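Participant: As a plain string of letters, each chain reads:
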Amino acid sequence: MREILLVKYGEIILKGLNRNKFEDMLIGNIRRAAGDEWIASVKKSQAIIYITPCEGRDIDALATRISKVFGIASITRAGVFEKDMDTILEKGSEYLAPFMANVKTFKVEAKRSDKKFPYNSPEISRLMGGAILSKCHYLKVNVNEPDALVRVEIRDNEAYVFSDSAVIKGQGGMPVRSNGRATLLISGGIDSPVAGYMMAKRGVELEAVHFTSPPYTSELAKEKVVNLAKIIAQYTGGFTMYVVPFTEQQLAIRDNCPEEHLTIIMRRMMMKVTEKIAKRNKSMALITGESLGQVASQTIEALSVTNASTEMNVLRPLIGMDKEEIIQIARRIGTFETSILPYEDCCTVFVPKHPTTRPKIENILKSESKLDMDYWVEKALNDTEWIRIEAE
Amino acid sequence: MIYLDNSATTQIAPEVIETMRECMENSWGNPSSTHAVGRAAAKLIKDARKTVADYLKCLPEEIYFTSGGTESDNIAVLGAANIKKGKKIVTTMVEHDAVVKVMTHLENSGFEIVRIAPEADGSIDPHKVIEAVDDKTCLVSVMHVNNETGAIFDIECIANGAKMKNPRVLVHTDAVQSFGHIETNPYKMGVDMMSISSHKIHGPKGVGVLFIKKGINDLKKSVFGGGQEKDIRPGTENTFGIAGFAKAVELIDQNENERIKSLRDKMKTELLALGRVHYNGCENASDYILNLSFEGVRSEVMLNALDSKGICVSSASACAGGKHKSYVLAAMKAKFADNAIRFSFSRYTTENEVDATIAAVKEVIKLFRR
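From first to last, the protein sequence lines stand for chains A and B.
Take my numbering: the last position of the first sequence gets the number 399, and nothing is skipped along the way.
Take my numbering: the last position of the second sequence gets the number 945, and nothing is skipped along the way.
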């Protein structure tokens with residue numbers, strides 16, 4: 008017996024004349040995420056993408072890979088059968104049995120696009136219902152509120168049998184690359200990987216910038232961020248991460264500026280460096296993991312002062328979320344366990360004892376004038392290296 | 576690359592590699608097989624057993640090959656923890672995790688564990704250990720050399736004293752950090768069991784020894800299988816590892832100790848002279864381990880900075896935010912535990928390397944001390 012995956016997409020369906028373009032983008036992303044050695048063929052028809060796996064590949068593993076691609080609402084495993092009623096009933100009900108293990112009631116809906124098929128839809132439904140009941144004695148039919156909805160589709164060349172109890176939920180969202188490019192400031196913490204995930208989910212193509220402060224931060228801390236980026240890449244596909252050594256800058260800020268302004272000036276400098284990298288790569292916005300009020304540098308005053316350091320649009324998808332909500336997403340997307348590994352990150356190297364929580368731009372600019380901002384930004388850019396991130 | 580983390584593991588000796596290669600090519604049989612191929616492997620293990628026994632000055636039948644220090648410790652402690660003989664076990668707060676965690680396990684299953692605290696200099700007062708032993712005590716387990724500070728514990732005194740108070744008590748020592756560096760004669764020390772490991776003396780990983788004194792044959796079993804190593808540690812023998820370990824034992828050169836001592840002294844003197852540097856340890860310490868705290872430079876900063884200069888050392892508190900502080904330094908109530916760095920030497924360590932390390936440390940302090 009052959010099995011295929013039926014992929015339904017979400018928001019794309021609302022697109023008008025552009026829909027074809029979005030669909031092709033999605034199919035391209037699915038192919039990239041799964042790899043050529045997993046997918047034998049892809050077809051689209053009536054808002055459904057049909058995927059045939061390569062011989063010998065575990066269909067569940069393929070579904071899991073694909074389920075991370077943005078733009079997909081759901082994925083269903085379906086059995087493919089010869090268009091012979093006895094075969095469909097016998098083999099089809101046998102195929103469905105494992106998917107019915109955790110349900111109590113079901114209903115069958117049949118559909119035939121081949122009107123020459125000798126049975127009509129109500130007949131197929133009734134016969135299939137009987138076949139399933141004879142395999143799974145514990146089941147009952149419930150046409151109003153079934154636990155599982157079984158479908159039999161008679162197509163031109165073959166028949167598909169599947170149950171919505173075999174559905175894997177997709178991530179939703181829009182295909183990556185359908186909504187421009189933006190640059191994520193990524194640390195080793197919980198928030199920034201989630202912020203990257205959320206913007207990519209809206210179709211943004213990511214690139215990332217990470218700041219390190221050796222020897223205050225270790226090689227392992229950098230590896231941790233690379234590993235976080237690789238987890239994000241499972242959803243977004245590969246991207247480039249720029250690594251900016253930032254120790255001298257942090258020391259210069261520490262040695263020249265008032266202690267209570269250290270963090271905010273550091274963040275402004277990071278934004279300026281990231282903006283330059285972004286512009287070089289035709290990226291259209293910056294993304295941060297800031298959440299209003301979470302720490303001293305994320306009060307509404309501090310955010311305004313940080314924001315004033317760049318002309319670029321700054322996307323802050325976590326701005327209105329509680330830490331607990333952010334953690335929930337981090338757990339779901341698989342970054343949490345890596346994020347909480349205890350390595351120092353560069354934002355926590357020099358933390359003022361009493362950071363200012365209501366900074367005024369004039370005061371910060373005055374403190375900042377004590378260092379040669381342009382020189383340090385330029386130096387950071389010159390020292391920057393890049394790493395290509397691919398999902399593992 | 577300058578490698579001063581020999582307490583973690585050592586570089587494998589070229590002669591050991593050669594011995595193991597030869598063994599993999601020619602003596603790959605199962606020592607339990609009775610045919611020629613099996614007999615050749617059995618002979619190799621017999622020879623290795625004799626080599627280790629000769630070095631320890633004990634009998635070959637007292638040598639049990641294991642998978643390393645952790646397994647030796649587990650077999651020894653679990654074997655001797657016999658609730659019928661007494662539910663009390665005396666140990667210290669500064670043992671290796673292999674002993675610490677098995678003690679916690681025993682505590683959870685009804686044993687009373689007495690953990691002796693170290694003095695401020697990291698030494699263990701043997702009399703405190705002896706004092707804790709009573710007629711309910713079934714086991715005393717104290718390490719020979721502490722892996723973080725290099726402090727040498729007076730096992731001879733502990734073993735004699737403990738047995739005077741309770742002749743039935745068994746004494747185990749984890750000698751992983753002393754074997755090959757200072758004398759480890761189990762009879763002289765008066766211990767019943769001793770754990771040693773191969774990879775700390777330029778041998779391969781995955782092999783070690785548990786010495787069990789002749790006549791002790793009522794240890795509780797913790798590993799079950801096909802009867803190898805007199806059923807103390809069943810499982811097909813790691814012949815390559817055992818051959819390599821024996822070669823590493825042959826290569827031990829006690830004459831090196833003087834040289835290592837002078838390197839350690841030099842580093843200790845020159846670094847302490849920098850000021851605001853603190854020695855974590857006692858006078859009676861292994862020549863192979865030096866633990867210093869550099870006030871004003873956190874452990875991980877020193878570690879990362881030296882790493883970037885190609886110098887490998889280790890920090891006692893390897894993790895950020897002090898989440899995983901060294902329990903050894905904590906038990907000593909060391910004031911600068913967050914600033915501790917362990918340098919550990921081997922016979923491959925040269926004076927040039929020590930000089931370069933001293934210079935690098937000075938530079939790091941100059942740049943990053945606050």
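Think of the hints as simulated: they come from the structure by calculation, not from any bench.
Bear in mind that the values here come from a model prediction, so they are computed numbers and not experimental data.
Honestly, I wouldn't trust all of these hints.
[What the hints assert, rightly or not] Straight-line C-alpha distance at most 16 Å; calculated EDC-like pairs for lysine to aspartate or glutamate:
#1 A:Lys229 x B:Asp882
#2 A:Lys50 x A:Asp31
#3 B:Lys941 x A:Glu255
#4 B:Lys884 x A:Glu226
#5 B:Lys941 x A:Asp262
#6 A:Lys283 x A:Asp381
[To be verified] Sample of chain A residues with no beta-carbon within 10 Å of chain B, all distances over it, derived:
#7 Ile20
#8 Lys50
#9 Gly63
#10 Pro222
#11 Ser225
#12 Val250
#13 Gln335
Here a beta-carbon is modelled for each residue, glycine too, at the ideal position from N, C-alpha and C.
Participant: Would you check the hint for Lys941 of chain B and Asp262 of chain A, treating anything up to 16 Å between C-alpha atoms as holding?
Facilitator: With Cα atoms ~15 Å apart, Lys941 of chain B and Asp262 of chain A stay inside 16 Å; holds.
Participant: Measure nothing beyond the straight line between the CA atoms of Lys229 of chain A and Asp882 of chain B; if it is 16 Å or shorter, mark the hint as holding.
Facilitator: Holds. Lys229 of chain A to Asp882 of chain B sits at ~14 Å (cutoff 16 Å).
Participant: At 10 Å, judged by beta carbons, does Gly63 of chain A keep clear of chain B as stated?
Facilitator: holds (34 Å)
Participant: Taking C-beta pairs only, is Pro222 of chain A more than 10 Å away from all of chain B?
Facilitator: Per Cβ check, Pro222 of chain A is inside 10 Å of chain B; nearest 3 Å; violated.
Participant: For Lys283 of chain A and Asp381 of chain A, compute the direct alpha-carbon distance and say whether it is at most 16 Å.
Facilitator: Measuring from Cα to Cα gives roughly 11 Å; hence the hint holds.
Participant: Is it correct that the beta-carbon of Lys50 of chain A has no partner in chain B closer than or equal to 10 Å?
Facilitator: holds (51 Å)
Participant: The output says Gln335 of chain A does not contact chain B. Does that hold with a beta carbon cutoff of 10 Å?
Facilitator: The assertion about Gln335 of chain A holds, with a minimum of 23 Å to chain B.
Participant: For a C-alpha distance cap of 16 Å, please report whether Lys50 of chain A and Asp31 of chain A respect it.
Facilitator: Distance of about 11 Å is within 16 Å: holds.
Participant: Find the nearest Cβ of chain B to the Cβ of Ser225 of chain A and say whether that gap is larger than 10 Å.
Facilitator: violated (5 Å)
Participant: With the threshold set at 16 Å, check whether the alpha-carbon distance from Lys884 of chain B to Glu226 of chain A stays at or below it.
Facilitator: holds (13 Å)
Participant: Just checking, Val250 of chain A versus chain B, shortest CB gap more than 10 Å?
Facilitator: holds (14 Å)
Participant: If we take the beta carbon of Ile20 of chain A, is the closest beta carbon in chain B still more than 10 Å away?
Facilitator: Answer for Ile20 of chain A: holds, closest chain B Cβ roughly 47 Å.
Taken one by one, the earlier hints fail for this structure at numbers 10 and 11, listed in ascending order.
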